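Got chain A sorted already, so can you dock chain B onto it with the hints?
Number of protein chains: 2
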Amino acid sequence: MEVDNNKQEVFQRKKNAVLVNGVILNGPITDSKAGEKFVEEACKIIMEEVVQKAADVTEKVCEWQPPEKLKKLLDLEMRDTGEPHQKLLQLCQDIIRYSVKTNHPRFFNQLYAGIDYYSLVARFITEALNPSVYTYEVSPVFLLVEEAVLKRMIEFIGWKEGDGIFNPGGSVSNMYAMNLARYKYCPEIKEKGLSGLPRLVLFASEECHYSMNKAASFLGIGTQNIYFIATDERGKMIPEELEKQVQRARKEGAAPFLVCATAGTTVLGAFDPLDKVADICEKYGLWLHVDASWGGSALMSRKHRKLLQGIHRADSVAWNPHKMLMAGIQCCALLVKDNSDLLKKCYSAKASYLFQQDKFYDVSYDTGDKSIQCSRRPDAFKFWMTWKALGTAGLEERVNRALALASYLVGEIKKREGFQLLLEPEYANICFWYIPPSLRKTEEGPEFWEKLHQ
Amino acid sequence: MEVDNNKQEVFQRKKNAVLVNGVILNGPITDSKAGEKFVEEACKIIMEEVVQKAADVTEKVCEWQPPEKLKKLLDLEMRDTGEPHQKLLQLCQDIIRYSVKTNHPRFFNQLYAGIDYYSLVARFITEALNPSVYTYEVSPVFLLVEEAVLKRMIEFIGWKEGDGIFNPGGSVSNMYAMNLARYKYCPEIKEKGLSGLPRLVLFASEECHYSMNKAASFLGIGTQNIYFIATDERGKMIPEELEKQVQRARKEGAAPFLVCATAGTTVLGAFDPLDKVADICEKYGLWLHVDASWGGSALMSRKHRKLLQGIHRADSVAWNPHKMLMAGIQCCALLVKDNSDLLKKCYSAKASYLFQQDKFYDVSYDTGDKSIQCSRRPDAFKFWMTWKALGTAGLEERVNRALALASYLVGEIKKREGFQLLLEPEYANICFWYIPPSLRKTEEGPEFWEKLHQ
Numbered sequence: 001m002e003v004d005n006n007k008q009e010v011f012q013r014k015k016n017a018v019l020v021n022g023v024i025l026n027g028p029i030t031d032s033k034a035g036e037k038f039v040e041e042a043c044k045i046i047m048e049e050v051v052q053k054a055a056d057v058t059e060k061v062c063e064w065q066p067p068e069k070l071k072k073l074l075d076l077e078m079r080d081t082g083e084p085h086q087k088l089l090q091l092c093q094d095i096i097r098y099s100v101k102t103n104h105p106r107f108f109n110q111l112y113a114g115i116d117y118y119s120l121v122a123r124f125i126t127e128a129l130n131p132s133v134y135t136y137e138v139s140p141v142f143l144l145v146e147e148a149v150l151k152r153m154i155e156f157i158g159w160k161e162g163d164g165i166f167n168p169g170g171s172v173s174n175m176y177a178m179n180l181a182r183y184k185y186c187p188e189i190k191e192k193g194l195s196g197l198p199r200l201v202l203f204a205s206e207e208c209h210y211s212m213n214k215a216a217s218f219l220g221i222g223t224q225n226i227y228f229i230a231t232d233e234r235g236k237m238i239p240e241e242l243e244k245q246v247q248r249a250r251k252e253g254a255a256p257f258l259v260c261a262t263a264g265t266t267v268l269g270a271f272d273p274l275d276k277v278a279d280i281c282e283k284y285g286l287w288l289h290v291d292a293s294w295g296g297s298a299l300m301s302r303k304h305r306k307l308l309q310g311i312h313r314a315d316s317v318a319w320n321p322h323k324m325l326m327a328g329i330q331c332c333a334l335l336v337k338d339n340s341d342l343l344k345k346c347y348s349a350k351a352s353y354l355f356q357q358d359k360f361y362d363v364s365y366d367t368g369d370k371s372i373q374c375s376r377r378p379d380a381f382k383f384w385m386t387w388k389a390l391g392t393a394g395l396e397e398r399v400n401r402a403l404a405l406a407s408y409l410v411g412e413i414k415k416r417e418g419f420q421l422l423l424e425p426e427y428a429n430i431c432f433w434y435i436p437p438s439l440r441k442t443e444e445g446p447e448f449w450e451k452l453h454q
Numbered sequence: 001m002e003v004d005n006n007k008q009e010v011f012q013r014k015k016n017a018v019l020v021n022g023v024i025l026n027g028p029i030t031d032s033k034a035g036e037k038f039v040e041e042a043c044k045i046i047m048e049e050v051v052q053k054a055a056d057v058t059e060k061v062c063e064w065q066p067p068e069k070l071k072k073l074l075d076l077e078m079r080d081t082g083e084p085h086q087k088l089l090q091l092c093q094d095i096i097r098y099s100v101k102t103n104h105p106r107f108f109n110q111l112y113a114g115i116d117y118y119s120l121v122a123r124f125i126t127e128a129l130n131p132s133v134y135t136y137e138v139s140p141v142f143l144l145v146e147e148a149v150l151k152r153m154i155e156f157i158g159w160k161e162g163d164g165i166f167n168p169g170g171s172v173s174n175m176y177a178m179n180l181a182r183y184k185y186c187p188e189i190k191e192k193g194l195s196g197l198p199r200l201v202l203f204a205s206e207e208c209h210y211s212m213n214k215a216a217s218f219l220g221i222g223t224q225n226i227y228f229i230a231t232d233e234r235g236k237m238i239p240e241e242l243e244k245q246v247q248r249a250r251k252e253g254a255a256p257f258l259v260c261a262t263a264g265t266t267v268l269g270a271f272d273p274l275d276k277v278a279d280i281c282e283k284y285g286l287w288l289h290v291d292a293s294w295g296g297s298a299l300m301s302r303k304h305r306k307l308l309q310g311i312h313r314a315d316s317v318a319w320n321p322h323k324m325l326m327a328g329i330q331c332c333a334l335l336v337k338d339n340s341d342l343l344k345k346c347y348s349a350k351a352s353y354l355f356q357q358d359k360f361y362d363v364s365y366d367t368g369d370k371s372i373q374c375s376r377r378p379d380a381f382k383f384w385m386t387w388k389a390l391g392t393a394g395l396e397e398r399v400n401r402a403l404a405l406a407s408y409l410v411g412e413i414k415k416r417e418g419f420q421l422l423l424e425p426e427y428a429n430i431c432f433w434y435i436p437p438s439l440r441k442t443e444e445g446p447e448f449w450e451k452l453h454q
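Protein sequences, first through last, are from chains A and B. Be aware that the first sequence starts at 1, since it is given in UniProt numbering, and climbs by one per residue. Be aware that the second sequence starts at 1, since it is given in UniProt numbering, and climbs by one per residue.
The shape of chain A in the complex, shown without the other chains:
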């Protein structure tokens, strides 16, 4: 921390100093000029080393080092005294140097990639303003932005009205939905808990995201009470199998309450047949949640939204614009068809210090009590900024382009020797084997697969 060294000023301050418990209260804490200069210099490094290099395919995606070696290369230790700004700027360089550049043109793998200049600016604004989104009085703009974004996402799902909330991850959105479905099924659980109740059962495909397991255990439902439904050769839930499992749960005396369909599975990119699944949910009175964390973005494309045919019949949808739409981690919405304030009823704890009911504005904008979080980040804002910048047409183009690239790659795989497509993809996940020359003449059998895995 650099302090102001102007002697006269220091003398003046000492003369008027208010000393409490050994702390000079009216002294300078930080030198704001030096602080601002530090931020400016760091921003230059960020622009040069991250933002500009995002366009440079000749740069490395990552300068990879194993953990023990990287610890030696980085000065991670936190000491008793602070470091000067020059040392800190060097640390910033090092941090960037050894980090994975997820905005690099050659970064693949994690269901997101690339740089979006608009969401990036929104995120810089968020960090500078450091808001928390729970009440209108402390986050007026971001609450209105969230409302506007949710409204448009709801339109794209095809609901006339609805509600929603942005969460720190699709996994958390799935948990929200599971809890909401349970609340709808039996509101008493909120106060009384699950003890002594019949066993709740939910259904998801074998190919569903692992967050279903995390959610079922976290919520006290238990992972054994997810009945996994067999999928067809393309990774899609088989509706007939779903119905059989619902009937099985009923026969067992359990309480089936929820089907989690997946729109865009993690590995194969498969879309469950939503219309048929919705038929079964209607027949048996089950909540239909669609985990469209990955596949939801296809809703923005008139060409590809048919992948999610029937999604308007869902009771809730998880959709992450931080993936294909590049809104930056994290940007994840849970959308709910119900418009009777179910989200608030289910999640409210009515903290009187935060959510007073006698404020001087419409307190329905205080959305904090719809959340399991107290502090919450304005994640809708980055998606909003990108949407403003590109327009709906630009977002649509982004989806169409991703799927056209996937289609092109499939063509190349088919043409190239030694590559074997696992299945004809319907989304952006392309699963293939690379068969090394030594195995190309071996017949596909146990021996072949063992060697290939090695």
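Hints in this document: simulated from the structure, not taken from any laboratory. Since we're looking at a predicted model, the values are computed, not measured. Treat the hints with care, since some could be wrong.
Chain A regions said to be covered by chain B (calculated; three or more residues, Cβ under 8 Å) [what the hints assert, rightly or not]:
| id | stretch |
| --- | --- |
| 1 | 51-57 |
| 2 | 94-108 |
| 3 | 382-388 |
No residue lacks a Cβ here, since even glycine has one placed at the ideal position from N, Cα and C.
The following block gives chain B in isolation, referenced to the frame of chain A:
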């Protein structure tokens, strides 16, 4: 989106264009030069309108507008076509103008305030790199940073070893702890759920944070199964009352498993007597969680850490460096004394696509399976940067200064007519009444309080 208009280049591209499903694959998606320029110009606005004004007490904290009026002032609508950069920069100005400047010297109220230049830089780096912290291969630096920060926080709690994870909020940390205590009590619940089990009961003071209610309902325990313990006149849990309630739960045939003590309550800033609470937990074999989301920062001060006397006896601690230590929202750790990998055992879902066990490095660095999240932000990093910049001594000074300021304010309240201190504070929360002149001669009775509330 501004595209490159160089005619010759466009012609060249068209000639070699790869057209798939109507999309030119090798065409430019965005003009990176224009994008970089946009980011640079926006950064200038952020520096001028947010960062620099954080030091200017003559600026407004917020240009407040009621919801309906603010909607008219802001152009929130997302249209089919995008907006040009100039319009977007104007939008950034508007967003900032109508937002609350939480870094303003006069922003109080939300248990955090002010600007920290170092964490801000860390947060800008995070946004530019856009990492997700689950596996070492994709977040090498940030996983090592998290490990280093957790290690130091564990030292400050006074444990010899331990484990931990950064979460999106103290509320979520409290949920983690509750689930962890439950898992320790009965690991079978993870698979089998709570149905048919005895009623689990936990204990927290009447003054505890509302996230206890949210956690108990979310986890299927039920809010009625939190037994709220009476507090003394300073808002501290009364240990004798706790013991009575534990005995009551046992008599009822319920299964007490957890005490959530609070170190720094939300309203009064009270610290539960941890040593005495720990005695009871030991006696009855209960997990002790300390919600030190707010009060944990006092651990950094040799002068004030006695407020948390006994915290080393806790099984888990929630501590948010984004509050008094100013690390930026959100920066919240759950720390766990257990070192038998309980966190991983409790939370793992063993997703094989992400957490392969045959990687070419030590997979214990893949901490993603300790989390309920899949994508997770590198929140430890911003605290690390501040710690590097200020040193432990600078963080200590920050705490001492906050509490000295509180102490000064208490003195002023006592001196000033019409102000009435509610109770002598032990932390930074100062509760007082302002008695308007019309009431200063009224006796304190039902009529007095009714008028004062109005």
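Outcome of the hint check:
1. With 4 residues bearing a CB less than 8 Å from a CB of chain B, the stretch 51-57 of chain A meets the requirement of three and the coverage assertion stands.
2. With 8 residues having a beta carbon nearer than 8 Å to a beta carbon of chain B, the stretch 94-108 of chain A meets the requirement of three or more and the stated coverage holds.
3. Chain B is given as covering the stretch 382-388 of chain A, and this holds because 4 residues of the stretch bring a CB closer than 8 Å to a CB of that chain, at least three being needed.
The structure fails none of the hints (numbered hints given earlier).
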